[in-house]
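The lines below spell out each chain.
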Amino acid sequence: MTSINWPPADKRKLIGKRIDRVDGPKKSSGAAKYSLDINRPEMLYGKILGSPIARGMLKSLDTSKAEALAGVEAIHVMKKVGDPINWAGEEIVALAATTEEIATEAIKLIKAEYDRTPPQMDDTDPAKGEGQKRERTDGMPDQGFKDAAFTSEGRYGAACITHCCLEPHGQVSAWTESGMKVWPSTQSVSGVAAQLTAASKLDASKIEVDCQNMGGGFGSKFGPGAVGAVGVELSKKAKRPVKLLLERDMELEIAGNRPSAYADIKVACDKEGKVTAWDSKSWGSSGVGNWGAPPLPYVFQFANRSTSSQGIKVNRGPVQAWRAPGHPQRCLITMSALEDLAAKAGVDALEFYLKNLDAAPENLRSTYAEELEIAAKLIDYKAKAHKRGDTTTGPIKRGLGISLHTWGGAGHASACNVTINPDGSVAVNIGTQDLGVGTRTCLGIVVGETLGLPLEAIEVNIGRNSYPADGASGGSTTIGGISSSSRRAAVAALDQLLKKVADELKITPDKLEAADGKIREVEHPDKSISWKDACKLLGQNSITEQGKHTAGPRTELTNSGVGGVQIADVSVDIETGIVKMNEIVAVQDCGLIIDLKTAESQVYGALIMGVTYALFEEAIYDPQTGRMLNPDMEFYRLAGLSDVGKLRVHMMTGDKYESRGVIGLGEPPVITPGAAISNAVANAIGVRVPTIPLTADRVLKALHSGGVA
Amino acid sequence: MNSFEYASPNSLDAAIGLLDAKFGETEILAGGTDLVTCLKQNLVAPKRLVSLKGIPSLKGIDISGDKATIGAMTSLVDVLENKTLAKEFPALTQAIEAIGSPQILSMGTIAGDLCQRPRCWYYRQGFGLLGQEDGKSLIPEGDNRYHAIFGNAGPAYFVNPSAVAPPLIALGATLEITGPKSKTRQVPVAEFFRTPATADERENVLAANEVITKIVIPIRGMSNGTYEIRQRQGLDWPLVSASVAYGGKDGTKPEIVLGHVAPIPWRVPEAAAHLVKFAAIDVAASKAAEAAIKGAKPLSKNAYKVQLAQTAVKRAILAASGAKV
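Quick note, the sequences are listed as chains A and B, same order. Per the working numbering, residue 1037 is the first one in the first sequence, and the count goes up by one each step. Per the working numbering, residue 12 is the first one in the second sequence, and the count goes up by one each step.
A hint or two may mislead.
[Said to hold, decoys possible] Over the 12 angstroms line for every Cβ pair with chain A, so calculated as not near, a few chain B residues:
(1) GLY43
(2) ILE72
(3) CYS126
(4) GLY162
(5) GLY183
(6) LYS192
(7) ALA210
(8) PRO280
(9) ALA284
(10) ALA302
[Said to hold, decoys possible] Simulated coverage check for chain B against chain A, where a stretch passes if three residues somewhere in it have a Cβ under 8 angstroms from a Cβ of chain A:
(11) 127 to 137
(12) 148 to 154
(13) 245 to 259
(14) 310 to 319
Quick caveat, the hints were computed from the structure, so don't treat them as lab data. Using N, Cα and C, we set each Cβ at its ideal position, and we do this for glycine too.
Generate the whole structure from the sequences, applying the supplied hints.
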């Protein structure tokens, strides 16, 4: 029996190496097809009429003119007269027509009248909180504040942002002879069908799902949602395939956003800089839904702490999980408050974090200490660090900011089939999805490594719900799930093959191993037969074995709980308030790395997304009409290459980390850039800019209240 | 987008003949970088588009004697890459370079840049050119962080979006405009823009059946430059820009023009007066910058733009002088 455990470092041929993603050329050449690229014979184009009002009621609806327009093949009413409206863009009617142009024209022919109520849009004022106030006290915060040498108070927060998926939400839906086939943009290939049974009136087993490539979800594409369901409804009515994916404005208005979070923080420390007490009053909004207050403080569980929180309801589109839900906000609020306290106490920020590490989770303390040291070295912290406020002359002020974060990242439940064919070919079939992060590549690496074959020898099939079910890709759970299930499947299949070879060689299978494209004797590596010859022994029968990973914080192959540290270096023009990134260094632990290159890419992507929400991103709503004012990509700004500065990624490797097993990486590195960059700006200009994004207006306003100017 | 008729005439007279005397009936298509978006968002819904792409005489750059003539349909990148223009009019080429998008530089035309519609998000979201609902402007009590700080007594609060208008005004450029019966008139760029009083009016004096044919810039050897402040380094609209020209040997008055601060490019002659005679350019720049923001009346959320305007003026003057900014 081959051991399930990951091979030791000196035996690894593929795992942990820097390997190009297998679908890179297809994606960069445009050969990779996304949902928007799928076209079917007789296909119709769907469009949705969104509500122009943010709050009120649908008073009347007349679709007769749209129905009468030649080329309109199906109309589906999504809101009845009398239904309440809770945000602008809320879906009223969907229709499908033979061309996009006709569909757009038909939407304009729909007559809808509304009763308007003034919307509530402001989530920055804690006085607007409603509903239950959650309060909690641990230890003796009052005593902690009394004993303190330094106390710092401040307001911090992060405005509402959207997911701004470059590939919009939606799908192509088509009826087939046996049921229905859909091509969704999804984070959950194996989970879509069950969520379309109501709209299709079909059993999930009759719904075929196909998603080979995926252009961004970030937590907002776990299900088909109303948009996917209405595509199915239209296709059912018209008995023709329907392509319905949101346009940019609706994508930004209704396809999900990240809740805002604000807090008034009071935090104190002793003369040396050890925190003695924490108090936070937080608020924020998840639109009209209940606000799940992000727990504070983050990473550091100070012994004496009191917290309270209360949500605010506002009339904006629905929230969706946004990459590491709650963590970026918690991190920003906590690390900002801590560096403000460090500045007040006159303690260097790096030293301050090190001093307080005993309040961090025990299993991560040494990780953070090592990572802080590496990050400091990489950015040349000692040479560049200065006290709060760059005192050099001229309008450009430079500063450094630190932040640290944590995440779970345990693998999700996963099943995977590995087939070894008599001709030597190997196929991996699994109902997972590749969100662009390298899942396909990693499956090939794990199975190739296990079978002693090169990556190219493994055919990886994903993206279809006819394959064994895999969990949704969210919460950094994919790599743990798929590496474990595919390893188990490959080991089981290999053991079957080794048995055949052992019979042939008249030895026991435990004397055999797969390596370098051969099956060989462990003790006598020169005694071997080629992989192909070994597979010929299968006669006419392929081997298919299934591997299963059961979700849980720890298995012999996987683990959870990572720490990461980032340090940002920024320049701020104090005459314009414009922040420019010089560099950001990310040091990250994620256990055993399957592909170092795609892991690093994952972190690069997170840094770019982090710079974007730190400096630019904000969903802006008109306070009077409740309409989103920037549902476009000119004022809903994303960072371009010239905005991100130098990005440096260091992955923690070595036995201490690798022996823990595989842990997810999608969320952790995106948690902390907001805090690190905000801290760097404060270090540069000598005053805190309370909320992100750190736009010119906010930076100048902060400077007017103090700082180096 | 509604269905419309597309006309691509190959002469100026034919083009003008295809244009209606009333706005709303026809629109002129130059590079299309703005108009196509406006069509898609239903901000304009003409019955006919008249493309000027097939008229060769509208393209090209001619520099002779004391003036440069740029055809209206000349692409922004062609202006940018002309070495003489870059040498004589850095204010213009710096402004174009700052547009930052290779796509817009390649497709966009210099006259199209002058005629593009405001980026005001209330306008773009369908509340009309003046951002009104039920006859009342949404802007004073709305999110006006990018709106006007000058010339904003109402009803227009948007800012003029043109990149090339401030430098062209600073450089004393004139437009040649041709209308029906080949009637041609010269309009200084400084007099081209106006603040509309109703949502049906346009933001400039071009009649619905007139075409800008060329832009003439006098070569006067003036120090000139543009400084733009924008949130992103990459493609972005400026928060504020400033163009200056001074030091003309023929006695031409200095000029300072602010962009993105008012419904029209905003000239600040009192500020420019500091550049007539001065001892040290940095002192003059600071004085001019201070004078430039006198009279600014920020709305509820855009006071920061006043400081940006001051900074932009100071830095544009320093850029024009060749000093390091």
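We went through each hint and held it up to the structure:
Taking the minimum C-beta to C-beta distance to chain A, about 16 angstroms, the non-interface status of B:GLY43 holds against the 12 angstroms cut. No beta-carbon of chain A is positioned within 12 angstroms of the beta-carbon of B:ILE72; the least distance is around 28 angstroms. No Cβ of chain A comes within 12 angstroms of the Cβ of B:CYS126; the nearest lies about 18 angstroms off, and the non-interface call holds. Against chain A, the non-interface label of B:GLY162 holds: every CB pair exceeds 12 angstroms, the least being about 20 angstroms.
At roughly 28 angstroms, the least C-beta separation between B:GLY183 and chain A is larger than 12 angstroms, which holds for a residue marked as non-interface. Its beta-carbon lying about 37 angstroms from the closest one in chain A, B:LYS192 satisfies the requirement of being farther than 12 angstroms from that chain. For B:ALA210, the condition that its CB be more than 12 angstroms from all CB atoms of chain A holds, with the nearest at approximately 17 angstroms. With 12 angstroms as the threshold on Cβ separation, the claim that B:PRO280 sits away from chain A holds: the shortest Cβ distance comes to roughly 24 angstroms.
Under the 12 angstroms C-beta cut-off, the non-interface status given to B:ALA284 relative to chain A holds; the minimum distance is some 23 angstroms. Every C-beta of chain A lies more than 12 angstroms from that of B:ALA302, the closest at about 17 angstroms, which supports listing it as non-interface. Coverage of the stretch 127 to 137 of chain B by chain A holds. Counting CB-CB distances below 8 angstroms, 6 residues qualify, and the rule asks for three or more. Residue count for the stretch 148 to 154 of chain B with a Cβ under 8 angstroms from a Cβ of chain A: 4. That meets the three needed, and the coverage hint holds.
Counting residues of the stretch 245 to 259 of chain B whose C-beta sits closer than 8 angstroms to any C-beta of chain A gives 5, which meets the bar of three, so the coverage hint holds. Here the stretch 310 to 319 of chain B counts 5 residues with a CB under 8 angstroms from a CB of chain A, which clears the bar of 3, and the coverage holds.
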